[in-house]
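Combine the two chains into a complex, taking the hints into account.
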Amino acid sequence: MVLSFVLPLAFFTIFAVIFGKENNSTPKVTLIVVDQDKSEASENLVKALDEEDSLWVHLSPVTDKGVRSGPDYTAATAEAAVKAGDAPVALIIPAGFGQHPIAFGPDAGGSTLELLNDQSDSIAPQIVVGLLQKAAMTSMPSAMADEGMKYAEQYMGGFTPAQKAKVDGELDALRKLEADGKVGAGSGSSGSGSDSASAGILAVNVRAVVGKSAGQNKNMISFYAAAIGVMFLLFTASGSAGALLDEAESGTLERVLSTRVTMTKLMAGKLVFNTLLAFVQLVAMFLWGWAAFKLDFFSHLPGFVVMGLCTAFAVAAFGMLLASACQTRAQLGALSTLVILIMSSIGGSMFPRFLMPESMQRAGLLTINAWAIDGFTKVFWRDLPVTALWPQVSVLVGIGAVLFVVARRIARRWEYA
Amino acid sequence: MTASTQKAETSTALEVDGLLKRFGDLTAVDKVSLKVRAGECLGLLGPNGAGKSTLIRAMVGRVIQDSGRVMVMGRAAGSTEARMALGWVPQELSIYPRISCRENLGSFGRYYGLKGQALKEAIAWCLHWAALEEKQNDVARTLSGGMKRRLNMAAGMMHRPKVVLFDEPTVGVDPQSRNRIFEMIEALRDAGTAIVYTTHYMEEAERLCDRIAIIDHGKIIAEGTKEELVEGTFGRRSQVLARFAGGKDEIEAWAKRHGGRVTQETAEFTIEQAGEIAPLLDDATKAGLELLDLSLRRPNLESVFLHLTGRELRD
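Chains D and A are the protein sequences, given in the same order. Sequential numbering from 305 applies to the first sequence in the numbering used here. Sequential numbering from -5 applies to the second sequence in the numbering used here.
Heads up, a few of these hints could be off.
Have a look at the derived ranges for each label pair, beta carbon to beta carbon [as the list claims (entries may be wrong)]:
| no. | chain 1 | residue 1 | chain 2 | residue 2 | range |
| --- | --- | --- | --- | --- | --- |
| 1 | D | Leu642 | A | Gly62 | 44 to 52 Å |
| 2 | A | Thr136 | D | Val710 | 48 to 56 Å |
| 3 | D | Val584 | A | Asn131 | 24 to 32 Å |
| 4 | D | Arg633 | A | Glu244 | 25 to 33 Å |
| 5 | A | Gly226 | D | Val709 | 53 to 61 Å |
| 6 | A | Phe17 | D | Arg633 | 39 to 47 Å |
| 7 | D | Val709 | A | Asp24 | 36 to 44 Å |
| 8 | D | Ala721 | A | Glu200 | 51 to 59 Å |
| 9 | A | Asp24 | D | Val710 | 36 to 44 Å |
Since the hints were derived computationally from the structure, they do not count as laboratory data. Keep in mind that this is a model prediction, so the values were computed, not measured. Don't be surprised by glycine CBs; every beta carbon is placed ideally from N, CA and C.
Just chain A, with the same shape it has in the complex (with noise of 0.2 Å):
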């Protein structure tokens, strides 16, 4: 083993390999491998019921996987240690309504083995951190939702964990909270946290990730940074986007002439010149087809999503 290669080993903060976790006959996780390095935000996109839930909840340690693995820094995932090395947000607002944000911050410092100065320095640091110093002695449920997400990000940052899973902790947060958000999260990776990211805001994946996994059906079907999706999945290749007035049949019928495909009724397809849009709408015209919208655009994530999985990422 080289120097290099030994180094990469031992920044891997998070890795996956082979998991494979099945309920009944529905297969959730399909021999999923993936791997986070210390520093690195990694971006988990996938249409609803693609397994990125089950595949988080197996990161914390909360599924019994048929098989593969996880590991937490070297530790199986649900071990003590692993546990302890582990931060997770989960989507709903997972905090105690009727106490003050301290109070809760201290349940959550108490369950991870905090006590005496070093809880409250984590309480002071995350207080800081999700910026609710002001509103420490206030009741939960009191906060506006905003306020709330910050809270149920920063319980999961008592035990500054080395690596943290984020499952989609911008939902229903106003544009000014979901910045203030973004900033908490930069901070973290660039402090060497290892972090991964589900959302169903491509904006947020592009802004905030390194590199992007897309799962479908329990697979990884595309994983690499965005220049990289995009280049494996379009080339240099630009994407046609055109809407008809018309019969389905026929539309799809002329899609197909020209190895383009109809996804929520668009026609979409991929053209290396520009030249190439004029014989395509003769071609519509004589099927009898009446044309309401083109555009012509640079492929990006969306289009990656679109492309791989047939379905918008908020669908």
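Looking at chain D on its own, in the form it has when it is part of the complex (with noise of 0.2 Å):
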């Protein structure tokens, strides 16, 4: 019944929210935006981003409440955000980019901006190129008319006196005008902007600073090892401390419980048992991904272990519940296809989670999945070092030793009559 009417709904509901229009569809972009030219055409460019319903434009680190909580971004500190997987994209508007902002063509010599990605969002890059070209029409009017009176002069052989006059007239009107902000940022309507930098009038150069190493591929190859690794370690666990259930069947564990050993060490016992077996089963997946897709596995070792490890302990001690909560292995069965096809869902194992709106992406974050594949993505796409991995072995070690608990709780009824 569950499996028939249950899960198919819940699928639905999940993959409703994810890409429903209902939701207001594309999540934000969380753009950090480092501005070393400080010029009014720079400011400009910012104020227009920070207008855009689909990013969230930071200068400087702020907390979840949006407080801000540190100086202004540099180049270098920005990347280091967007490496600690912070932001995905950030932006480094040059100095110099006000004296020459734009350009009509790629040989122009306009300004360069630089925007540092993470590979591991394809998407974001582009959805900020795109809206870099819209904000550049609608935010500096006049550094486009200066840039079109530049190509008139060059190649229609320039004003009269007179005409030139007018112009430099009409330019500083619309100066004042954005000055006043009664044109230029965010006046402009919507339009879904250039998706290739060398093909806009500003010009930008997108540069991966996490998953650089390795190709895009490679970095997929990683990601999912992870994501399809935890969803069957999950089924691993659970259909291996199913083993209770079916001691319990049999009078095997009533049996074992009247020798020295006790409840606790039993289930101590096979804790520790299904954690290796589920580590063994995460060190097969990633072998085969080195061994078949070249993954750059043993450079990642040491990251590899410690999430291994942690993800396969709170994996083993999520079956240790479920097998403890049910009655029968046919129970255990439907109960752990409905509850692990549910967190893989919501969890990143079958959709990355960054592409998730906001609100399943927190939601996400009650699941196993979505702390094991990003602590994997820390030590696979970002190269951070071991110590990085702390929030992702906290929690998961955390919800293990929770689970366990409750599941030892769930077990005393195995105990006396």
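This is how it looks when you write it as structure tokens:
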């Protein structure tokens, strides 16, 4: 009944929330901006980007509640923030940008913006590049006009003094309107913009700072090794923990409990075994990725071991909880399928969380999958040291400990009559 | 305390004293008291639902009693010391089917804290005791029914307990394997092990048990040697069993007139002399009952059980 009705409805709801239009579709992209120019043009550009609904523009680190928590980003701190996963993209507006912000053509000599990106999110840089072109169009009309005048003088033979004086007068008026905020940033109509840096009026150099050592495909392999691995680990763990139900049903459990072995010792032993089993399964998964898809496994070994053991511990405890809560193997099979597939769908094992709406991304944090995948992403994509894994390690170990304690409490029903 | 009393007390391996266990409104075990001495085999007989399993589980320490106590070798049942002194062979095949005999025994030995040489010796002893040496590397699920039963028994002997509880160890076993199991149990008893043996087969109880306790509705309704039970229930009287064709009410009325009773369509009387049979049958004929079958026998354990519980042991 559960598999026939609850699971399809649950899945339908989850994917409707992820992809449905009623959810305001695309998630917002967090964009770090470093304005090294501090010119009127650069400030207008930043202002225009800040007014885009699709972007969260951060000039400095902020807390979860949006409160500033540090000095303005520099190029170095912005790059570090992208590497740490605080934002998928960072825009560096170089000094001198205001002198020559735009160019009609690749060889026209305009300033080049630098966009640092995290290859784990392939969508974010494309959105930002497109919005940059839109912002340039709408936030800097005087710069556009200036550039147009240069082209007119270059290719049309120039203006007469009277024409030039009139044009300069109009440009001054336009600049005054820009300064007053009556034209420029955010006042233009919406447009999709270009998805190619070279095709726009702003020159943008996109540089990957995370995942640059490996290609995008290899990064995806490590992502899916973790994502799929965790999902199947959950199935393995619940299946293995189901041995407890077999033993209860056959009477072996009661017999074992008549020996020196207590329920706590027995469950702890099974937890250790299931943890090691899950870890070996993860090792097999990543080794296959290394052998078949050239995944850079061995240079990330310390991080893998830490994340692998913590993930295996959490999923093993999860399996113990499910097994102790169920009465029969059949019940365990149905319940584990339901819970694991739902956890996997919102936790990022089936669909990357960074592409989900904010509410779904937050909901995903309630799952083992999300924390495990985040940890493995830090190791294999961001090349972060083991010390950077402390949030994931803490949460996974905490989840595992809590689930095991609850499982042990439920297992009291097997102890005495 | 005299020396003989002291000796009797110290040789008590298992003691159940006033044990009471209720499940809601149901009293599963009703103030039961029992003692089993070292080297003695106590048969625990009772119909299904009589409270045998709860009593056995209380001896193992797996039941929280409402009152009373269970002591194993002087230690409270369920304590580590009591667990180490007690071996339990459940009715279900409580072994691991996917591993070999040797591995099964190794697992249970470790559960009892054995390791190294002590574990190896215990495995060897159990394999020999259960006559499974040739099958030691066979996976348990591939064994015959009798061998699985013997392995099930051996798993409870790894720590060489002083008290062993056998809960219907011969269920589903062929006669040859059953004999082998009897020999195994007799060897244990002869070595001084105290044994509690539950069974649905009266002949097993008669062969193996020094004393028998009959439990019904949670109470011990009779206890003693086979001879004591027969003597206590029937005295020197013999049993007459008669089956008739006719109305049930007429048969019951006739039996009642002569101090007998009808159990499972058979009228049962006890008589002191054979001459008492003729008047019984005359009266049956007058009541219009047609005699189908008549037997006269000395009461046995089966008779005692049927007389006391009103049910066959296998019911």
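Tested hints:
1. For the pair Leu642/D and Gly62/A, the supplied restraint of 44 to 52 Å holds, since their beta-carbon distance comes to about 45 Å.
2. In this structure, Thr136/A and Val710/D break the distance hint of 48 to 56 Å, their C-beta atoms being roughly 39 Å apart.
3. Range check, Val584/D to Asn131/A: Cβ separation about 26 Å, and the 24 to 32 Å hint holds.
4. At about 55 Å, the CB distance of Arg633/D to Glu244/A disagrees with the hint of 25 to 33 Å.
5. Between Gly226/A and Val709/D, the C-beta spacing of about 55 Å keeps the proposed range 53 to 61 Å intact.
6. For Phe17/A paired with Arg633/D, a C-beta distance near 26 Å fails the hint of 39 to 47 Å.
7. Roughly 38 Å separates the CB atoms of Val709/D and Asp24/A, a value that falls within the hinted 36 to 44 Å.
8. At about 31 Å, the CB distance of Ala721/D to Glu200/A disagrees with the hint of 51 to 59 Å.
9. Our hint of 36 to 44 Å for Asp24/A and Val710/D holds, since their Cβ atoms are close to 37 Å apart.
Of the hints listed earlier, those the structure fails to meet are numbers 2, 4, 6 and 8, in rising order.
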